[in-house]
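Visitor: Residues per chain, in single letters:
2 protein chains.
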Amino acid sequence: MTIKLHCFGESGNAYKAALTMTLADVEWEPVFVDFFNGASRTPEFRKLNIMGEVPVMVDGDLVISQSAVIQDYITSKTSKLGGKSADQRREVLRWMFFDNHKVSGVAGTLRFNMNYLPEAKRSKEVNDFLLMRLKSALKIMDAHLAGREWLATEELTIADIACCGYLFYTEPFGFDRKEFPNIDAWLDRIAATPGWKHPYDLMQRSLPAA
Amino acid sequence: MTIKLHCFGESGNAYKAALTMTLADVEWEPVFVDFFNGASRTPEFRKLNIMGEVPVMVDGDLVISQSAVIQDYITSKTSKLGGKSADQRREVLRWMFFDNHKVSGVAGTLRFNMNYLPEAKRSKEVNDFLLMRLKSALKIMDAHLAGREWLATEELTIADIACCGYLFYTEPFGFDRKEFPNIDAWLDRIAATPGWKHPYDLMQRSLPAA
Chain F
6 MTIKLHCFGE SGNAYKAALT MTLADVEWEP VFVDFFNGAS RTPEFRKLNI
56 MGEVPVMVDG DLVISQSAVI QDYITSKTSK LGGKSADQRR EVLRWMFFDN
106 HKVSGVAGTL RFNMNYLPEA KRSKEVNDFL LMRLKSALKI MDAHLAGREW
156 LATEELTIAD IACCGYLFYT EPFGFDRKEF PNIDAWLDRI AATPGWKHPY
206 DLMQRSLPAA
Chain C
6 MTIKLHCFGE SGNAYKAALT MTLADVEWEP VFVDFFNGAS RTPEFRKLNI
56 MGEVPVMVDG DLVISQSAVI QDYITSKTSK LGGKSADQRR EVLRWMFFDN
106 HKVSGVAGTL RFNMNYLPEA KRSKEVNDFL LMRLKSALKI MDAHLAGREW
156 LATEELTIAD IACCGYLFYT EPFGFDRKEF PNIDAWLDRI AATPGWKHPY
206 DLMQRSLPAA
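Chains as they are written, first to last, in my numbering: chain F, 6 to 215; chain C, 6 to 215.
Hints are not guaranteed to be accurate.
Same chains, same names: a pair is fine if it fits in one copy or spans any two.
Claimed, not checked - With a cut-off of at most 30 Å between alpha-carbon atoms, the simulated DSS-like pairs for lysine-lysine come out as follows:
| hint | residue 1 | residue 2 |
| --- | --- | --- |
| 1 | Lys9 | Lys85 |
| 2 | Lys144 | Lys126 |
| 3 | Lys129 | Lys52 |
| 4 | Lys52 | Lys89 |
| 5 | Lys129 | Lys9 |
| 6 | Lys202 | Lys126 |
| 7 | Lys140 | Lys52 |
| 8 | Lys129 | Lys140 |
| 9 | Lys140 | Lys82 |
| 10 | Lys202 | Lys140 |
| 11 | Lys140 | Lys126 |
| 12 | Lys89 | Lys9 |
Bear in mind the hints are in silico, worked out from the structure with no lab data behind them.
Between the sequences and the hints, there should be enough to build the whole structure, so can you do that?
Guide: Laid out in structure tokens, this is it:
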């Protein structure tokens, strides 16, 4: 049965799930959530996910939200893209939590504020604060990637797919690849992985391209 | 061998690991990290954890950082406080990611800004923004807790221990239990669990009590 992913193109969190399924060769199809028209805040959507967020994955009777849990489920189902030992699985999980807390958790908010919030509601103080936090997390990732190809193991894992969730988008959010040379090279490695696609080539956008 | 936890009292993330070990009846002892004197930013500490954060758990040769990964390790080691099936384990993990991203990730920052940042560096705009984000996440938790005792399963799990990480602290950060009656009752249930302790009774503070 084809897995369904409730998603939209602008969501880096949805992208993590979509890219994981794509690179794991799982059959899946997107179910478009028209986020900018409020589709993730309806009572129907809250019934699917009380957290009111994409992505939500539906595999038969199984409904899972939180990108990281979907990613973890796909590695269990396919034995691909995950850690190969208890130690590796923990190291993968460690970077996924770091991502949710300090990388995507901040980048997603900042990108939303800078691109999708009405001009009148944008706050330079808030965005400067978020950018300081984001750069501090990216500096740690960049240092960790010095001399290594992937974040958690010797191979591409869902930890890499989580941490890059927002980093291929070109809408400005203060992230400049050239400031982080090891991240820059790592993003090139991810994009060179057979089957890789940009978020907008995997999922429909909720807003038209600028 | 006694597990060592690098931690300090003001860290709600360290508290999650400390409380998990305490309630799982694991023998552990704190290693004090003098955070407010820069102890988590030294090269030595970065060698232990490149992320420059507490908690860090050391169990013999095994070194783990990220509170959630430590919590997960303790459930594997003891078969306590975790999910009992694949479905339950995913539901536990789902609330732990929600916590890291939307609850503790925001509460920890806001509490730091409001209590520990020098007055001159505090920004009302930033803190108002963080409080809006925090309340939105707490509203979801409160709705989810309506008619249920625990977040993820029929029993207390590490998901509850993660989500409450910052909520027992009394330093002001805009959180008022009375605004969230289901969270209020759930915190009472957690505090009534045999063996429960407040963060400052488990770990040494890095700043003296006000």
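Visitor: How do Lys202 and Lys126 come out at 30 Å by Cα distance, when the copy is not named: within, between, both, or neither?
Guide: neither (33 Å within a copy, 42 Å between copies)
Visitor: Up to 30 Å between alpha-carbons, please classify Lys129 paired with Lys140: within, between, both or neither.
Guide: Both, since 16 Å and 22 Å are each at most 30 Å.
Visitor: Please work out whether the CA atoms of Lys144 and Lys126 approach to 30 Å or closer within one copy, between two copies, in both situations, or in neither?
Guide: both (29 Å within a copy, 22 Å between copies)
Visitor: When no copy is specified for Lys140 and Lys126, does a C-alpha distance of 30 Å or less occur within a copy, between copies, both, or neither?
Guide: Close inside one copy (23 Å) and across copies (19 Å); limit 30 Å.
Visitor: Within a copy, between copies, both or neither: where do Lys89 and Lys9 come within 30 Å Cα-Cα?
Guide: Result: close both inside a copy and across copies, 27 Å intra and 26 Å inter.
Visitor: Go through the copies and call it for Lys129 and Lys9: within, between, both or neither, with a Cα cutoff of 30 Å.
Guide: neither (38 Å within a copy, 42 Å between copies)
Visitor: At 30 Å max between alpha carbons, let me know whether Lys202 reaches Lys140 within a copy, between copies, both or neither.
Guide: Close inside one copy (25 Å), not across copies (36 Å); limit 30 Å.
Visitor: If the cut is 30 Å between Cα atoms, do Lys140 and Lys52 qualify within a copy, between copies, both or neither?
Guide: between (36 Å within a copy, 20 Å between copies)
Visitor: If the cut is 30 Å between Cα atoms, do Lys129 and Lys52 qualify within a copy, between copies, both or neither?
Guide: Result: close neither inside a copy nor across copies, 35 Å intra and 35 Å inter.
Visitor: Evaluate Lys140 and Lys82 at a C-alpha cut-off of 30 Å and name the case that applies: within, between, both or neither.
Guide: Neither, since 34 Å and 36 Å both go past 30 Å.
Visitor: Between the shortest in-copy and the shortest cross-copy C-alpha distance, which are at most 30 Å for Lys9 and Lys85: within, between, both, or neither?
Guide: Cα proximity of Lys9 and Lys85: one copy only (19 Å, versus 33 Å across).
Visitor: What label fits Lys52 with Lys89 when the C-alpha limit is 30 Å: within, between, both, or neither?
Guide: For Lys52 and Lys89, only the inter-copy Cα distance (24 Å) is at most 30 Å; the intra-copy one is 35 Å.
Hints 3, 5, 6 and 9, counting from the list given before, are not met by this structure.
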